[in-house]
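Novice: The lines below spell out each chain.
Protein chains: 2
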Amino acid sequence: MLQNIRVVLVGTSHPGNIGGAARAIKTMGLSRLYLVQPEEFPSSVAVARASGATDILDNATVVETLEEALVGCSLVLGTSARDRRIPWPLLDPRECGQRSVEHAAGEGEVAIVFGREYAGLTNEELQRCQFHVHIPSDPQFGSLNLAAAVQVLAYEVRMSWLAAEGMPRKMEKLETTAMLNAQPATMDELELYYAHLEQTLIDIGFLDPQKPRHLMARLRKLYGRSGISKLEMNILRGILTETQKVARDAADKRGDD
Amino acid sequence: MLQNIRVVLVGTSHPGNIGGAARAIKTMGLSRLYLVQPEEFPSSVAVARASGATDILDNATVVETLEEALVGCSLVLGTSARDRRIPWPLLDPRECGQRSVEHAAGEGEVAIVFGREYAGLTNEELQRCQFHVHIPSDPQFGSLNLAAAVQVLAYEVRMSWLAAEGMPRKMEKLETTAMLNAQPATMDELELYYAHLEQTLIDIGFLDPQKPRHLMARLRKLYGRSGISKLEMNILRGILTETQKVARDAADKRGDD
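Protein chains in written order, with the numbering used here: chain A, 1 to 257; chain B, 1 to 257.
Only chain A is shown next, with the shape it has when bound in the complex (with noise of 0.2 Å):
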């Protein structure tokens, strides 16, 4: 179950730091690690710092994008150092661990999501996230390093894994056509979705792309905290659609004016 846990490091500067988390997730049981444009990997420093933890090193997988580290994934729970302008779904680390335990047990894919060691992740990555997660520190000295918030993290997980195992399953066997449409929408078809959106929004001129403001953050976040299934996802492309054939045939008619 903890399989279907991945930790994602996006635009890591230090390879030792890789190295560390690398250790980190490995002590707690957890094993598949992403890496968005690392700065150096593979990196002999990393190798050093996750000492014994090689495999997890070897097994990484680096890509280009922050998309292309969250296929799969349904739920996205991104780390946060500070307040935004925009309020957000915000987790504490233990229900952060508590969240990823229940969607992986229910075979979800979950991600979670590291930014870079000075930067963060930034406003368009956090808003890829369902949650946001903030490790409550001082606010004097806020600042972990990397590996040890990486380490922390996934201590809750395995808190919560610990805590899941000792009870009964909770999964109840499902019809088959009911399963499939309560099955989550992976991250993939929700930013798929959100594309299809923002255009249909565009096509109807209720957003206009020079002055976006904020909205298509507030329409993720709304959508992104409802755990959309598959079904209710076709539902709403659905609508999308019909309503890009009325705009269009509106369209028509006034180049027809």
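Hints in this document: simulated from the structure, not taken from any laboratory. Heads up, the beta-carbon is just placed ideally off N, CA and C, and yes, glycines get one too. Hints are not guaranteed to be accurate.
Said to hold, decoys possible - A few chain A residues facing chain B, derived, Cβ under 10 Å:
1. Ser-137
2. Gly-205
3. Lys-221
4. Glu-232
5. Ala-250
Starting from the known structure of chain A, arrange chain B on it as the hints suggest.
Specialist: Relative to the frame of chain A, chain B by itself:
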């Protein structure tokens, strides 16, 4: 109260770990570091890894024996990587955090003791501790980096401290407007939204009132569980209004044909 809790590192080999531990304890609001026979200290490597927590290093107390490091303490917790032959009261990190905070709140002095990178604490040193603390790592790969172990225990101390202080573990400081926006929509606002949504879906030809099937029920389920805020409701209603305008234009066009 946190100043009653000290972190003691015994026989540390790598100065980088001392720096990492200093940073870890400072991020969690702790400040007192004791070093028993460190192999290399002071050290520029430690300063580099402390990443701004140099005051912790500058104020660290260097001593020759564990006994000296424990002077004044009435609760001593020693980290232990493995089961020992002599059974000892064993805590997990969460219990360690709780005990430490309870004790420190009663003006007692607390020491959390960490052993050498490879060999841990000796049996004799462990016997000076009232409790042993074990971070529940994977039995196949159990050895955390020293600074990472300090981070986990310091994190649990902080979580207990925040709970005891009655402070939120999450920062949820929202601005006033953000707070208003985050107010949930009321049930009657939701009903108005569903009515508006249904009419719009009819207008664009997505919903056939003669054969509604389960469409509205499914959409109610989706939006119902999202906990929509007043701001989000305004956005969703705005999208519907624009969609209806476009649908009217398109219908006019069809009327023209």
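Novice: Run every hint past the structure and note whether it holds.
Specialist: Hints versus structure:
1. Ser-137: Holds - the Cβ of A:Ser-137 comes within 10 Å of chain B, reaching about 4 Å at its closest.
2. Gly-205: holds, 6 Å
3. Lys-221: This hint holds: A:Lys-221 lies near chain B, its Cβ roughly 8 Å from the closest one there, short of 10 Å.
4. Glu-232: holds, 5 Å
5. Ala-250: Holds. Min distance 4 Å.
Comparing the model with each earlier hint shows no violations; every hint is respected.
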